[in-house]
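A.B. asks: Protein chains in written order, with my numbering: chain A, 1 to 119; chain B, 1 to 400.
Keep in mind that the hints were calculated from the coordinates and are not lab data.
As the structure is a prediction and not an experimental result, all values here were calculated from the model.
You may find that some hints are simply not true.
Said to hold, decoys possible - No more than 20 Å apart at the CA atoms, straight line, and that leaves these computed lysine to any residue pairs for SDA-like:
1) A/5 to B/337
2) A/5 to B/314
3) A/5 to B/368
4) B/337 to A/33
5) A/5 to B/313
6) B/337 to A/34
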Amino acid sequence: MYSEKARELIRELPNRGSLAGATHTARAENPACGDITHLYLKLNQDVVVDSRFETYGCPAAIAASAAVTQMCRNLRSGECREITAESILDYLGGLPSHKLHAVDLAVDVLRKALRSNEP
Amino acid sequence: MRRVYLDNNATTRMDPRVLEAMSPHFLQDFGNASSIHEFGQQAREAVETARQAVADLIGCLPKEIVFTSGGTESDNTAIRGIAAGHSGKGRHLITTTIEHPAVLRTMERLEEEGFQVTYLPVDRQGLIRLDDLRAAVREDTILISVMHANNETGAIQDLRAVGRLARKKGILFHSDAVQSAGKIPVDVNDLGVDLLTLSAHKIHGPKGVGALYIRHGVEMKSLLLGGSHERGRRGGTENVPGIVGLGKAAALARKGLADFDLRVRSLRDRLETGLLERIPQARINGSTLRRMPHTTNLSFRGVEGEALLISLDLQGIAVSTGAACSSGSLEPSHVLKAMGFQNRRVESALRLSLSRMTIEEEIATALDVLPSTVQRMRELSPLYRESRNRVQREGQRAHS
Ligand SMILES: Cc1ncc(COP(=O)(O)O)c(C=O)c1O
């Protein structure tokens, strides 16, 4: 049902928790299924040097937000903006068809977080 | 990794003695129970022995048992068979909002076909109120279908009371006893049911075989038309190995009833009490008084059920978030919603169901793994943090 990568992320829950020194944060919620996710990014000279997440939701939502924290590490903010639903799905090795919307939440929270510190 | 199976309401492991009873009927005694020759007569004898065993389990006559392909077919047959056979008298049926989809979808189909159906609500305990039933009864009511034990919460309806009312009003009464027959005493005369559904694979029998009890004299139309099998009530060559398996499973279950109530109940209680002690903000969903001895349904605040299910699965523990057939969709449990719980509580529900094969080590492992897993998921959960902060604020206010 869930790919090896998604299972690994759910088992390990890498980068979980909040981040005290975060420079960019956002909260996003999927009104349809009620999933909530928080993303914390720490950017240093426009490079993501740390990233954490907190998610309430189904396994797909958890895996997708964990994936985002891994994917954006060491990227410049412009590169982070190029992360899409498709690239997260690729990273995860796919999701069950009825769980595809979970990656939209992850993209949403990432875009919001990147914007959160704009003047 | 030692695997722990706590999803016995979805299905159970077959008892080796059941397999043993079935096995000659594949390669050796493979006859068609309708054939006149020796092969056929052996098969017939095996089928009738099984029929007796199933009849003994629920206190009816063997001729009142019809073998089917399982609980789903029995439910379909009972409801559609009565609807078709009694539409001359009326076109109204009564059921509950917490039935298995095998009943609910069948009722909905009947509505599309011009029948009217009343769905009785349940209270927080997951139980219907007799007053609601009384009020729902009409002149043209032809069938009341109320499940015995619920598959998600284990809540047991007061069928005796329903049966008395049905009898008094002259309405036929069907019950889906898939989750109770073979686990607690089920006697069709004591309960006052006219039709009763049971299934083999919930009591360590094979999948794809079940039975429908039809009280002698009850008129109905068959669902499956074909040969004159099962006294003309269900066409199709009998699934002899499956039926033999059901018979053996029923006989074993009947012998084990007292033990089930004692041993399985004590394991379930140890599991439930242990979890409630070790995990803060955990709550039982449904009645604890009128409940099956092998089921517990718990909500862990701030943790989504399926996420918890997968995390436990990755640690070798199999549980469920509701009915197995609907966990592939996004729909939260219709049973817990009908009980009036808010979405967040429904989403965070976990069903743990035991069987007579559950061993103490499984309970110990679950008690070991579940609290830390819930804790980990909660550390991750913004929802839990928000609710904990709220609880703390309220606590401070109470102290100031
Ligand atoms: C209450 C109830 N009714 C009916 C069924 C369907 O039985 P079967 O799987 O034999 O078709 C089930 C099985 O999940 C059940 O729990």
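A.B. asks: If a hint holds in the structure, say so; if it does not, say that too.
C.D. replies: Hint-by-hint comparison with the structure:
1. In summary, the hint linking residue 5 of chain A to residue 337 of chain B is not supported, as the alpha carbons are separated by about 33 Å, beyond the 20 Å threshold.
2. Restraint check: the Cα-Cα separation between residue 5 of chain A and residue 314 of chain B comes to about 13 Å, which is no more than 20 Å; the hinted pair holds.
3. Note on residue 5 of chain A and residue 368 of chain B: the hinted pairing is violated, with a Cα-Cα distance of about 26 Å set against a maximum of 20 Å.
4. Among the hinted pairs, residue 337 of chain B with residue 33 of chain A is consistent with the structure: their alpha-carbon atoms are about 15 Å apart, no more than 20 Å.
5. Restraint check for residue 5 of chain A and residue 313 of chain B: satisfied, since their Cα atoms lie roughly 15 Å apart, inside the 20 Å limit.
6. At most 20 Å may separate the alpha-carbon atoms for a hinted pair to count; residue 337 of chain B and residue 34 of chain A meet this at roughly 15 Å.
Violation of the numbered hints given earlier is confined to hints 1, 3; the remaining hints are satisfied by the structure.
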